[in-house]
Amino acid sequence: MAEQYMVGVLGGVIASLLGFVFLYRNSLIRFRGLRKLNRAASMDFPKRNSVNKTGKSEGVGTTDIIIVGAGVAGAALAYSLGKDGRQVRVIERDLNAPNRMAGESLTPGGYLKLIELGLEDCVDEIDAQQLLGYTLYKDGKEARVSFPLEKFQSHVAGRTFHNGRFIQRLRKKVASLHNVSLEQGTVTSLIEENGIVKGVHYKNGSGKLLTTYAPLTIVCDGCFSNLRRSLCYPKVDIPSNFVGLTLTNCNLPKENYGAIILANPSPIVFYQISSTEIRCMVNVPSEKLPSVSNGEMACYLKTQVAPKVLPELYDSFISAIEKKGNIRIAPNKIMAAAPHLTPGALLIGDALNMRHAITGGGMTVALSDVVILRDLLRPLHDLSDASPISKYLESFYTLRKPMSSTINILANVLQKIFSASSNPAMENLQHTFLGYLRLGGMFSYGASAMLCGLCPSPLSLAFHFFSIAIYGVGRLLLPFPSPRRLWDGAKLLWVASSILLPYMYSEGTRQMFFPLTVPAYYRTPPENKDKKKLHALISSICWNNSMFITKSHISVTCILY
Numbered sequence: 001m002a003e004q005y006m007v008g009v010l011g012g013v014i015a016s017l018l019g020f021v022f023l024y025r026n027s028l029i030r031f032r033g034l035r036k037l038n039r040a041a042s043m044d045f046p047k048r049n050s051v052n053k054t055g056k057s058e059g060v061g062t063t064d065i066i067i068v069g070a071g072v073a074g075a076a077l078a079y080s081l082g083k084d085g086r087q088v089r090v091i092e093r094d095l096n097a098p099n100r101m102a103g104e105s106l107t108p109g110g111y112l113k114l115i116e117l118g119l120e121d122c123v124d125e126i127d128a129q130q131l132l133g134y135t136l137y138k139d140g141k142e143a144r145v146s147f148p149l150e151k152f153q154s155h156v157a158g159r160t161f162h163n164g165r166f167i168q169r170l171r172k173k174v175a176s177l178h179n180v181s182l183e184q185g186t187v188t189s190l191i192e193e194n195g196i197v198k199g200v201h202y203k204n205g206s207g208k209l210l211t212t213y214a215p216l217t218i219v220c221d222g223c224f225s226n227l228r229r230s231l232c233y234p235k236v237d238i239p240s241n242f243v244g245l246t247l248t249n250c251n252l253p254k255e256n257y258g259a260i261i262l263a264n265p266s267p268i269v270f271y272q273i274s275s276t277e278i279r280c281m282v283n284v285p286s287e288k289l290p291s292v293s294n295g296e297m298a299c300y301l302k303t304q305v306a307p308k309v310l311p312e313l314y315d316s317f318i319s320a321i322e323k324k325g326n327i328r329i330a331p332n333k334i335m336a337a338a339p340h341l342t343p344g345a346l347l348i349g350d351a352l353n354m355r356h357a358i359t360g361g362g363m364t365v366a367l368s369d370v371v372i373l374r375d376l377l378r379p380l381h382d383l384s385d386a387s388p389i390s391k392y393l394e395s396f397y398t399l400r401k402p403m404s405s406t407i408n409i410l411a412n413v414l415q416k417i418f419s420a421s422s423n424p425a426m427e428n429l430q431h432t433f434l435g436y437l438r439l440g441g442m443f444s445y446g447a448s449a450m451l452c453g454l455c456p457s458p459l460s461l462a463f464h465f466f467s468i469a470i471y472g473v474g475r476l477l478l479p480f481p482s483p484r485r486l487w488d489g490a491k492l493l494w495v496a497s498s499i500l501l502p503y504m505y506s507e508g509t510r511q512m513f514f515p516l517t518v519p520a521y522y523r524t525p526p527e528n529k530d531k532k533k534l535h536a537l538i539s540s541i542c543w544n545n546s547m548f549i550t551k552s553h554i555s556v557t558c559i560l561y
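Here my numbering is used: the first residue of the sequence shown is 1, the next is one more, and so on.
Among the hints, erroneous ones may be present.
Here are the computed lysine-lysine pairs in the BS3-like style, where the Cα-Cα straight-line distance is at most 25 angstroms [stated by the list, open to error]: (1) LYS288 to LYS254; (2) LYS254 to LYS138; (3) LYS203 to LYS308; (4) LYS138 to LYS324; (5) LYS302 to LYS138; (6) LYS324 to LYS308; (7) LYS83 to LYS288.
Pair ranges (Cβ atoms, derived) [as the list claims (entries may be wrong)]: (8) SER467 to LEU310: 25 to 31 angstroms; (9) PRO379 to LYS302: 56 to 62 angstroms; (10) GLU150 to ASN249: 31 to 37 angstroms; (11) PHE463 to TRP487: 39 to 45 angstroms; (12) ASN249 to GLU120: 27 to 33 angstroms; (13) ASN99 to LEU478: 30 to 36 angstroms; (14) ALA330 to GLU120: 24 to 30 angstroms; (15) ASP84 to GLU120: 16 to 22 angstroms; (16) LEU459 to TYR314: 23 to 29 angstroms.
The hints are simulated quantities; they were obtained by calculation from the structure and are not laboratory data. All values derive from a computational prediction rather than experimental measurement. Note that beta-carbon positions come from the ideal geometry of N, C-alpha and C, so glycine has one too.
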């Protein structure tokens with residue numbers, strides 16, 4: 001009996017040893033297989049100093065994320081992703097300070113986004129001026145629109161500045177991160193394999209053709225993007241151009257307030273860009289744009305625009321026209337976002353979406369996009385699984401709608417209202433808008449909150465716009481209705497609707513007003529590929545364990561028997 005007991009114990013020990021050896025061998029094989037899979041995944045992208053199949057383009061290695069463009073959106077995104085620990089390569093066409101009229105006005109909402117990104121110090125030391133609101137002028141009457149900043153600290157306000165100085169401050173912050181590479185080069189095309197973007201071809205500063213690879217490429221190369229056609233369906237409209245001048249030796253009527261003159265034939269915008277300079281923007285329809293080279297533009301500004309300029313700015317306005325090379329033109333482009341899902345690539349900033357520049361909301365939209373995209377990318381530790389990540393990032397295009405659609409529609413609608421027209425209903429709409437702002441209270445407060453990016457709400461926009469229209473109809477019907485006044489009121493409603501509704505439609509009414517019905521709104525981060533492999537490995541080991549225990553039990557039973 002004792003012999004049978006000893007044999008049983010010995011059999012159990014032998015079976016346990018065999019099982020341990022079996023498990024160790026099986027685990028070793030599977031971990032080696034996992035390493036091979038990881039090695040194979042890393043081989044999807046060529047290594048440093050490799051050459052592509054054409055033999056014409058030298059590879060410069062791989063990175064986590066490629067960013068095309070180092071303007072406001074690109075530089076801010078590169079900094080935020082770099083702070084999150086990503087390896088980022090930024091390729092910018094020209095790293096010299098830009099000398100352009102666009103991107104000179106940042107709303108308070110945009111400044112708050114800078115704070116979220118840790119970039120608020122980029123408006124320091126560039127002679128930036130605080131912007132607290134605008135004063136609108138029409139036929140000797142005025143309406144002041146102050147930004148609702150009472151609930152914020154004193155440093156929270158809009159800012160106006162030289163665009164180039166601001167951009168260089170952003171780039172300096174980017175260059176301070178060791179894990180972000182900032183390089184001058186022109187991206188010529190995206191590298192696409194089997195419908196997935198793998199990287200970019202670009203020419204560096206010396207004209208050498210190079211390639212670089214990353215699991216995610218983010219295109220934010222501005223309003224003149226040459227890559228957007230690969231990633232969206234662009235429909236660009238240019239309703240007008242801004243004719244820009246730099247005025248000196250003068251002051252605006254109210255300190256820290258811009259001025260908008262609703263003049264015929266062209267609305268005029270003034271704002272401070274330094275302690276000694278004022279930017280003047282004259283909105284001229286594209287089909288009526290005079291030539292600068294033959295002197296027609298200077299004549300137009302002196303004879304048609306100058307008489308409408310405020311008296312305190314008149315002399316400086318004339319001097320600016322006469323200064324050689326001081327007249328510059330920038331097209332006002334409008335383009336609704338119409339991206340198509342492309343695994344491995346994403347489009348943001350003016351490359352994705354543009355609005356009229358009359359409200360100065362472009363940088364606010366771009367910085368809002370950066371904050372949303374940064375937050376979406378934070379849970380993703382592995383970006384190599386392109387298709388699931390692309391589906392997940394599709395939610396970006398819905399999450400951005402509250403801010404982007406509010407500012408876009410407001411800018412596009414206001415440029416229509418402010419522009420001169422022979423239609424009496426449009427003239428009534430201008431007077432109605434100014435009268436609505438002069439009501440004060442929730443009317444002026446709500447409109448200015450949307451204008452400065454503090455109330456990104458399409459519902460609020462629709463409410464205020466139709467409130468303006470109804471207020472206008474009421475003004476027309478007083479002191480008592482008549483058939484003529486009823487007809488004028490109906491025309492006013494028709495004109496207001498014909499301006500607003502097409503822009504709402506182009507922005508996407510479902511995403512704006514019913515985002516919860518959009519499937520992409522609910523997308524969650526895809527599971528990490530390594531986690532999937534580890535779960536599969538653990539499941540396999542557990543299965544083998546259970547099989548071994550069963551076999552061992554049978555063996556011991558047989559020995560004892």
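Verification of the supplied hints:
| no. | hint | result |
| --- | --- | --- |
| 1 | LYS288 to LYS254 | violated (32 angstroms) |
| 2 | LYS254 to LYS138 | holds (16 angstroms) |
| 3 | LYS203 to LYS308 | violated (48 angstroms) |
| 4 | LYS138 to LYS324 | violated (31 angstroms) |
| 5 | LYS302 to LYS138 | holds (20 angstroms) |
| 6 | LYS324 to LYS308 | holds (23 angstroms) |
| 7 | LYS83 to LYS288 | violated (48 angstroms) |
| 8 | SER467 to LEU310: 25 to 31 angstroms | holds (30 angstroms) |
| 9 | PRO379 to LYS302: 56 to 62 angstroms | holds (59 angstroms) |
| 10 | GLU150 to ASN249: 31 to 37 angstroms | holds (34 angstroms) |
| 11 | PHE463 to TRP487: 39 to 45 angstroms | violated (26 angstroms) |
| 12 | ASN249 to GLU120: 27 to 33 angstroms | holds (31 angstroms) |
| 13 | ASN99 to LEU478: 30 to 36 angstroms | violated (51 angstroms) |
| 14 | ALA330 to GLU120: 24 to 30 angstroms | holds (27 angstroms) |
| 15 | ASP84 to GLU120: 16 to 22 angstroms | holds (18 angstroms) |
| 16 | LEU459 to TYR314: 23 to 29 angstroms | violated (42 angstroms) |
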